[in-house]
Amino acid sequence: MGEFNVHRVRFFNYVPSGIRCVAYNNQSNRLAVSRTDGTVEIYNLSANYFQEKFFPGHESRATEALCWAKGQRLFSAGLNGEIIEYDLQALNIKYAMDAFGGPIWSMAASPSGSQLLIGCEDGSVKLFQIIPDKIQFERNFDRQKSRILSLSWHPSGTHIAAGSIDYISVFDVKSGSAIHKMLVDRQYMNVSKRKCIIWGVAFLSDGTVISVDSAGKVQFWDSATGTLVKNHLIANADVQSIAVSDQEDSFVVGTAEGTIFHFQLVSVTSSSSEKQWVRTKPFQHHTHDVRTVAHSPTALISGGTDTHLVIRPLMEKVEVKNYDAALRKITFPHRRLISCSKKRQLLLFQFSHHLDLWRLGSTVATGKHGDTLPLSKDADHLLHLKTKGPENIICSCISPCGSWIAYSTASRFFLYRLNYEHDSISLQRVSKMPAFLRSALQILFSEDSTKLFVASNQGSLHVIRLLEGSFKHLHTFQPQSGTVESMCLLAVSPDGNWLAASGTSAGVHVYNVKRLKLHCTVPAYNFPVTALAIAPNTNNLVIAHSDQQIFEYSIPDKQYTEWSRTVQKQGFHHLWLQRDTPITHISFHPKRPMYILVHDAYMFCIIDKSLPLPNDKTLLYNPLPPTNESDVIRRRTAHAFKISKIYKPLLFMDLLDERTLVAVERPLDDIIAQLPPPIKKKKFGT
Amino acid sequence: MAALEEEFTLSAVPLGAGPDGLLGVEQSDKTDQFLVTDSGRTVILYKVSDQKPLGSWSVKQGQIITCPAVCNFQTGEYIVVHDHKVLRLWNNEDVNLDKVFKATLSAEVYRIHSIQGTEPLVLFKEGAVCGLEALLAEPQQKIETVISDEEVIKWTKFFMVFRHPVLIFITEKHGNYFAYVQMFNSRILSKYTLLLGQEEKSVIQSFTASVDRKFISLMSLSSDGCIYETLIPIHPSDPGKSQKVVRSLVLKTVVSGNARNGVALTILDQDHIAVLGPPLPASKECLSIWNTKFQTLQISKELPQGTSGQLWYYGENLFMLHGKFLTVIPYKCEVSSLAGALGKLKHSQDPGTHSMSHFVNWETSQGHGFESQNSEPSKRILRRRKSETSVEPEVPASKQLLSTIKKDSEKHIEVELRKFLAIKRTPDFHTVIGDIVMGLLGRWKTEPSFYPRNSLMQLIQTHVLSYSLCPGLMEVALEKTDVQMLQLCLQQFPDIPEAVTCACLKIFLSIGDDILQKADVNMESVSAYSDAVQDEHMEEQSEILQNGFNPEEDNCDTCDKELSEKSQDTLETTLCPVIPKKAALLNAILRSAYSETFLLPHLKDIPAQHITLFLQYLYFLYLKCSENATMTLPGIHPPTLNQIMDWICLLLDANFTVVVMIPEAKRLLLSLYKFVKSQICICSELNKIEVSFRELQKLSQEKNNRELYSIEVLELF
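Protein chains in written order, with the UniProt record's numbering: chain A, 1 to 686; chain B, 1 to 717.
Because the hints were derived from the structure by calculation, they are not lab data. For clarity, every value in this text was computed on a predicted model and none was experimentally measured. From the three backbone atoms N, C-alpha and C, an ideal C-beta is built for every residue, glycine too. Do not take every clue at face value.
Said to hold, decoys possible - Quick list of in silico lysine-lysine cross-link-like pairs, BS3-like style, CA-CA up to 25 Å: (1) K698(B) / K648(A); (2) K60(B) / K324(B); (3) K681(A) / K698(B); (4) K518(B) / K411(B).
Said to hold, decoys possible - Now the stretches of chain A that chain B is said to cover, found in silico as 3 or more residues with beta-carbon under 8 Å: (5) 5–16; (6) 368–378; (7) 641–650.
Next up, chain A with everything else stripped away, as it sits in the complex (with noise of 0.2 Å):
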């Protein structure tokens, strides 16, 4: 296969946000994760856990709760005192409105989800009706005097459950009126702290209420009576989550020790049909806190402020081992944060609100596999581009020349022209851009740097001419009438001549860019795009699906290529469909077509579609063959797929020449210093 420079790049001091909120929707089997840079992620969970949508985050905006309500639609509350829905079609704000109770702290829907309950600050909730496209203030409950932290219904919509400071408060729903007022203990190993704040509390059908508090208890409580039923002192510092199950015969609860514990309905004897909440499984998949956890029909879910979300699968529930049997930790967006210019060898990182421009350095050393080059110039740090404003940066491409940087916030997009002169680098912003090129969901720049294409959230595609210091619109491919889905993955043939984008579900539409119009449409499949790239010479489309299946597309044929039936008709080898991220970028060799080389955060792969398929009995992940092997063996073993797991975390890889690599790594350790530390705990002498 040959020999390669690999740029080791580890500068990229990419810190995802805590999760704040996970919202897991049981008719979708979606699931939504709020951050707290205010940034909403939509996972598919049937899809192989795609993260296939977002919505970047505000810095105002810290979103304190979050849910689903009447079927599919999605609510976000936060400290800003606004409810906000989201429009999961065109990707963006649908509404913010000022619920007038100082910050949000929490937010439930009603079992019916027609309504919408809110607990504030100044000790309100609030309760607002859901009409279509909007939602109406109701009513008022009896105020409270401090904050209201957490909120449940109770599954007949009947009666609500009211978290605050040191008591729970019960409330008639059709009278607005508190029925009882539970007390909490506030001591703690005792030791009386100042304040017991309750977390979160979940009301049962049969009228139990249990509460999760700043004291490390888990109560059960009769609401029907008032009185404390059980009590469960499971952490040493705070319980701050706490999620039950559709049937109610399971909980789950987080602490800030990073631990969740899991609670289980057992029968205590076979005579009685009693049964009795027993602690049954405690997990510790977080080194933080646990902020939020949620209970899909199969799994324990839980985020925190160590930035994963992971996905932890109850064994009794999975009958079969499939994606759905494993243990998920989800880091990273999937999706690409780095931009490459090849020409200048230049590397354009994205964080929520800068950009960072660097060199690549150089080396005249040769060396064999294995080797760390001398440098003979390190890489320079040329460009800190912060944004305007309160938003987060959706998206950001440079150029392949190197010198248009362009990149889009939620209401605004800015372009940028880059002059180099020696060793100093001026940046000039062009001004007066277009009214309809207010907020880009995807950025792409044509391989010579004279199209700009931009895919805006209404579902339209922009193709703009750069030229020197200025553009010109040239047309709008506008969505197919009846769709309002945005288009989220671009990719341009180097010739210029075809653009391919792909939204969240439908599939891959094919344009012509000189023609401008519709060329074809590649036939949908059942899972979502994750990668999209378009090979030289050829012209064929290749896509990557989150189930981790690839698919070649001759544009010009428009027809599957005679590789991409070949690999179907043999199957992938079962090790490379159980990978668990997705594929997130796709290139391919300028000198060899054969080759696609393709990564994801755990490994990069060259393809060689000259050679044949692994089948299930091969080495997938080829070990390095010894020097003295025979050639021949070499070749008997050898297949397609070339899979190195040097490089990982991998959030971007890219062939610079026929000789270069660049691989962008952000190793997880970096992203842990950067966390603030976690809650001590005492090893010895306790």
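Given the coordinates of chain A, assemble chain B onto it according to the supplied hints.
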């Protein structure tokens, strides 16, 4: 893949469907709401997702509805025809059909068609087509006759083709079929003769059609059970002239040729059709989904109560009369893809269809871990199924055993129990075992001579019992001073109350060695040092405390001196103070779970000399522990160092004032003080090491940070 979902009936009451079934099911202007017209006098509006009717309207007695009610999508009104000529228009608010708008027409209506985006069309029995607006403006206008005398309209459908309404209807005359295509805007009517080909004598039983850009694809289900397709051009090349169209075979024998009842088909999408009818001559009726492209049966659902041979398809729902009830079967079809068509779908492909490996399942069993760990993982699912099926016969088995317990002899019970335990376990096995124990104890209470020791031991060894499942058991064993059973209980039960633990401890400490020699005690926790303890002295003590602590450097010079002076006595303490059997029993106590708060008050009740003895034993264990670097005791399931330390602390906490007064305990206390001190030293040293390690880690991280960028050579083979 096409998939049929769970069916549901729309109404609980049977519809007034005649022998020919319903007149029709039509869409209304709201999605999810459908107008159902029965063959009598009633029109009902159903909301499908709620499975309930929203409204019902009937014509007067004596009148009869002759044409299914439809909805005018432009106005939201409903239209129905009764007695062939009388048109009724009404709204949702109207209650009585008698009082709503009425128009009497001059000719008999065959059907009214209404689809989204255009005004409804009225098709008369003579073949004329008229827009509703024009008709209502002048109801008595003359209607021309289009088809010949003996021609009868068999089937009709209405399409929108590029915003132009197109109506197709099929007529029959003496076994010949004709298709008429009426372009409503241009008023062009084309007539086609359907050539049946070789199957001349077959009768067409059902039609369905879909529309393409240029053609209407007419599918027909013939009496020979085959489906044929006929392509009829929308824009005729030569209008006015009668043309002939041939049909081609699409699917062969999808239903039995001579079906008694009617059969029906409907096009679902480009590639899929639904067929209603019996697939074999003798079989019951089925709803089947066929893929016409690949000629494959996608899914089929049996409808045992028979159907009326009518099938409607709107949106995602298939409607049919199943028995006497209107049934809705939601239908879904994911778009075919290459991977799907080649049969390389995720599930069939997945090599991971092996079953799961072992895991603890709290819902079915608690801690029967040992056996299932050894069992083959692949057998797991099988076995579970088996055990589930055997639930029913098993309940009587346990009942039977319980009745045996009530009256039979000890020996017999033992035999029965062994039989019972040999049977496969059920999910509620632990509770059943609990019941059996309670049964045995219940009998013991009434007749004290009955003490089924062997049976009880056997039951405890099932590993599923806990204290709360059989609360009386340990009390009985205590009463009988049955140390073997107590040891077993302490080893097996996770939830023994502290009072009981303490009672056990009291018995273990006070029981005479001679009695103990006769008892059969499990010695595995002391096996490794039981031989040695009797006579062997520990070696040099300085070696013992090497872990971060050197007694030489200790500040407690005085006590050190005192100890070294009496080194002879110190050595005495390294002799095991109890006999091995007692040691094994005490180990069982040490290993059981407890909560400090609840245990302390009970410890106060133990006599002072027993406390001293126990402390001596614990001290001995500690010294034994310190012998090796890992600070563990040899043997199987020995107490851990932490357990030993905790117990020492507990005993001292509870009885310090007493112990301090006993002269013989003084030296022991001194050595204990020393070793607690050494423990503190070790811990502080460990904490120091931990901090140093953390600093080292930070340093190494910083070192890594410097390697933020490098160029490396990689060769791929």
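How the hints compare with the structure:
A hinted pair counts as satisfied when its Cα atoms are at most 25 Å apart, and K698(B) with K648(A) qualifies at roughly 21 Å. Restraint check: the Cα-Cα separation between K60(B) and K324(B) comes to about 23 Å, which is no more than 25 Å; the hinted pair holds. Only pairs whose Cα atoms come within 25 Å are accepted, and K681(A) paired with K698(B) is accepted, the gap being roughly 18 Å. Restraint check for K518(B) and K411(B): the C-alpha separation of about 23 Å stays at or below 25 Å, so the hint holds.
For the region 5–16 of chain A, the stated coverage by chain B holds: 7 residues have a C-beta nearer than 8 Å to a C-beta of that chain, and at least 3 were required. Note: the region 368–378 of chain A has 8 residues with beta-carbon separation from chain B under 8 Å; the three-residue rule is met and the coverage holds. Residue count for the region 641–650 of chain A with a Cβ under 8 Å from a Cβ of chain B: 3. That meets the three needed, and the coverage hint holds.
Checked against the numbered hints above, the structure violates none of them.
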